[in-house]
Amino acid sequence: MRDSRTRSKSRWAAVPLLVFVVIVFGVPMLVLLGGTFTKEGTLSTANLTESLQGAYLTALLGSVKISALVAVLGGVLGTFLAQAVVTSRFRALREAVLTASGVLANFGGVPLAFAWIATLGNSGVVTTTLGLGQHGWSLYNFWGLTLVYLYFSIPLQVLTVVPALDGLRPQWREAAQNNGASTWQFWRYVGIPVLTPALLGGVVLLFGGAFSAYATAQAMVGSTVPLVTLKIADALTGNVLIGHENVALALSLDMIVVAGLVMAVYLPLQRRSARWLR
Amino acid sequence: MNGARVEFRGLRRRFGSTVALDGLDLTVEPGELIALLGPSGCGKTTALRCLAGFEQPDEGEVLVDGSDITRVPANRRDAGMVFQSYSLFPNLNARDNVGFGMRVRKAPAARRHARAQELLELVGLPSVGDRYPHQLSGGQQQRVALARALALEPRVLLLDEPLSALDAKVRVTLREEIRRLQLSLGITTIFVTHDQEEALSMADRVAVLRDGRLEQVADPATLYDRPATPFVAEFVGAMNHLPGLVSGDRVTVLGQRLPVEGPSPDSARVDVLVRPEAVLVTPVDASGGEGDGIVMVSSFRGSTARLRVRLDDGTEVLADVPGHDSARFAPGTAVRVGLVERPVLVAARPETAVAAAIPEPDVV
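One line per chain: the protein sequences are L and D, in this order.
Here full-length UniProt numbering is used: the first residue of the first sequence is 1, the next is one more, and so on.
Here full-length UniProt numbering is used: the first residue of the second sequence is 1, the next is one more, and so on.
Think of the hints as simulated: they come from the structure by calculation, not from any bench.
A quick note: this is a predicted structure, and the numbers were derived from the prediction, not measured.
Some clues are possibly wrong.
These stretches of chain D come out as covered by chain L in the derived footprint (C-beta under 8 Å, 3 or more residues) [stated by the list, open to error]:
(1) 43 to 55
(2) 98 to 108
(3) 145 to 156
Here are some chain L residues pointing at chain D (derived, C-beta under 7 Å) [claimed, not checked]:
(4) 45
(5) 170
(6) 171
(7) 172
(8) 175
(9) 178
(10) 193
(11) 194
(12) 276
From the three backbone atoms N, C-alpha and C, an ideal C-beta is built for every residue, glycine too.
Build out the structure end to end from the sequences listed, making use of the hints.
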C-alpha cells in the first residue's frame, strides 16, 4: 500500500520533464505539420510536393550526400585515430588528442567557417603561401565543405569510440592468438564485432551533425553548394521568393523523415550487432 | 592427447629495472601437473607467458619435447591457455567460443559445433552452448574457457590463476575437476597460483619461485615437511620460529632436545622451524600447577582450531588443536606447550634478534 503510494508519488517527479518535452518538441511539430499541409488557408499537399521538386529536391539530396560522406569518412578516420591514440605508449599524446577532440568536436558555426576561410580560402594564409589558387584549389565547393565538416566530425568519432576501444580487453587478443588466430582474424571475429555498436552509433551521430549544420555552410559557401538547411533559411526569410514559408516547413518535415529513415536502418543494425550484450 | 616435456632453460626477463625472471631452470615431465607458486612479482606469470608466446625472454630458451620454441609466434604454439578471468569473447556464445580455434582453422561448421558440444560436455556444461559469456556465472565462464583451451588438443595446458576470481566453494569444486580432467587426458599442465592450498592440493609437483628464481621444486608433501629454504618454509603453510640452541646433532627448544633435520648450521643459536600441528598444547587444570603460557587468540576452523599462545618469556607460538577440543582452549586459558618428538628444521637466526630473544637453556 505504502509502496504503491510512494511509487505513484515518485511519478510526479517526471512531470516537469514531460511538460518540457511537450512544449519544446510537440508544439513546434504541430506548427510544422499544420504549416506544411496548409496553402493559402486551405488544406493542401502542394507545399510538400514543391519541397520534393527541382532545386529543393537537389538540396535535400545534396544534404544527404554530404552527410553520408562525412559520416563514413569521419567514422573510419576517427576510428583509426582513436585506435592509434589508445595503443600509443605516450600517455601525454593520448591526453592531448582527447582534450583537443573535446574542443574541436564542439567547434562549429561561423567561427569554424572563418577559421577555414582565413587559412584555406581564396586569400587564405596557406592558399597564398603555397600558391594553391594556381592549381585550381577552392574551398567553396562540395569537397571543401566536406573537409570542413570532417574537422569537427573526426574528433566527435574519436570521443565516441575511445571508450569502446578501451573496453577491448588484452586477454581477448591473447586468447585469440592462443587459439591460432592472426591479428586480422582477431579483428574479423572479435575486435570489430565487439566495436560495431559503438562504431554505428558514432556514424549516425556524425550523419546527424552534418545533416543539420547550417551556419558554417551559410558563411562559407552561401548557395554554391545546395543544402536543405540553406534552402529552409532562404524560404523562411523570403530571400529568393516571398510567400514560401510553408515550403520551409515542408522541407523541415522532409528532414525529419530522412532522420527517421536513418534510424530505421540504424536501429535494427544496432540491435543485431549488440545481440550479445543482452 | 598426450603430454609433452617442457623445459625452461636459463630464462631471464627484465621489465625496465624490475627483474621478473632471473635465470629460471625447470623441467616439467610429460603428463605432469606442476604448480608455479610464489608471491606476486615472483615471475611465475612471466614464465607462463614466455611459454605461451606472449612474452619474449631476454635470455634463455623454452623447449617443448626438445625443440626450441622461444621464437615461435604465439598463434603457432601448441599450448592451450586459461586466463585469470573475462577472457571469453563477449560477442560469441559458449559454443562459438569453444569452436573459435577451429573456425580460425576453417573447419566446417558442423564439425566445429560437434567438437564444441563434446568439450562442453567434458567440462560439465552440456546445455549452455547458446549462452553468451555475460549470461554465465564466473565458474561457468572458466569451464568454457577450459573447454576452449582444450579444443585444439594442445600438448600443454597453461592455467594462469584461473580460479582466483571465483568464490571459495566454486574454487574447490573446479580445481578438483581440472585435476580429474588433466589426469584423464594426461596433458602436461602448468598452473600458476599464489594460493598455496591450491598448489598443494592439485599439483604433482610444486615449484616455489622467489624474485624470478626457483627456490624449490618438490612434491607437495616434501615441500611441506622438508622445505629447502626458510622462504619456502614461510611461504608454504604457517611456521613457528622458536629460539633454539644447537649442540651436536641436536637442538634444545622449549626445554626439549630434538634431532636436527639436515645439516646443522654453523652458529649455535638458531631459529627452530615448527609447524603449528607439531606443537602440543594441554590445558593446565586447577590442580596441575603452573603452565608455560596463556592462550591469546583461538580461531576455529572447523576440523581444527588455531591457537596463538604467548609463552612466559614473550615468545608467541601458533598451535593447532582438534576442532572439537577448541572449547578447552578459550582465550586466557593457561597451557603447557611442547613439541612432537621428531627431527626439526633449523635456520640461522637473524642477527638483530639474537641476544634478547634467546633464553639461556637450563640444561644442555
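**Restraint satisfaction for residue 193 of chain L [CB to CB of chain D, less than 7 Å]** = OK, holds: residue 193 of chain L within 7 Å of chain D, min 4 Å.
**Request:** Return the status of the interface hint for residue 276 of chain L: holds when the least beta-carbon distance to chain D is below 7 Å, violated otherwise.
**Result:** Residue 276 of chain L check passes; min Cβ-Cβ to chain D is 5 Å, inside 7 Å.
**Request:** Closer than 7 Å between Cβ atoms is the bar; does residue 178 of chain L clear it against chain D? Give me holds or violated.
**Result:** Cβ of residue 178 of chain L sits 5 Å from chain D, so the hint holds.
**Prompt:** With 7 Å as the cut and Cβ atoms as the points, is residue 172 of chain L at the interface with chain D?
**Reply:** Since the shortest Cβ distance to chain D is 6 Å, the answer is holds.
**Request:** Against chain D, run the beta carbon of residue 171 of chain L and see if the smallest gap drops under 7 Å.
**Result:** Status holds, d = 4 Å.
**Item:** Cut-off 7 Å, beta-carbon criterion: hint that residue 170 of chain L touches chain D
**Value:** Result: violated, 9 Å to nearest chain D Cβ.
**Asked** Holds or violated: is the Cβ of residue 194 of chain L closer than 7 Å to a Cβ in chain D?
**Response** Holds. Min distance 5 Å.
**Asked** With 7 Å as the cut and Cβ atoms as the points, is residue 45 of chain L at the interface with chain D?
**Response** 47 Å, violated
**Coverage criterion applied to the segment 43 to 55 of chain D (partner chain L; beta-carbon cut 8 Å; 3 residues)** = The restraint on the segment 43 to 55 of chain D holds, since 3 of its residues have a Cβ under 8 Å from chain L and three suffice.
**Message:** Would the hint on residue 175 of chain L be counted as holding, given a Cβ-Cβ threshold of 7 Å to chain D?
**Reply:** With a minimum Cβ separation of about 5 Å from chain D (threshold 7 Å), the hint on residue 175 of chain L holds.
**Asked** Can the segment 145 to 156 of chain D be counted as covered by chain L under the rule of three residues or more with Cβ-Cβ separation shorter than 8 Å?
**Response** With 5 residues in contact (Cβ-Cβ under 8 Å with chain L), the coverage given for the segment 145 to 156 of chain D holds.
**Request:** Tell me if chain L covers the segment 98 to 108 of chain D under the three-residue, 8 Å CB rule, please?
**Result:** holds (count 5)
Hint compliance for this structure: hints 4 and 5 are not met, and every other hint is.
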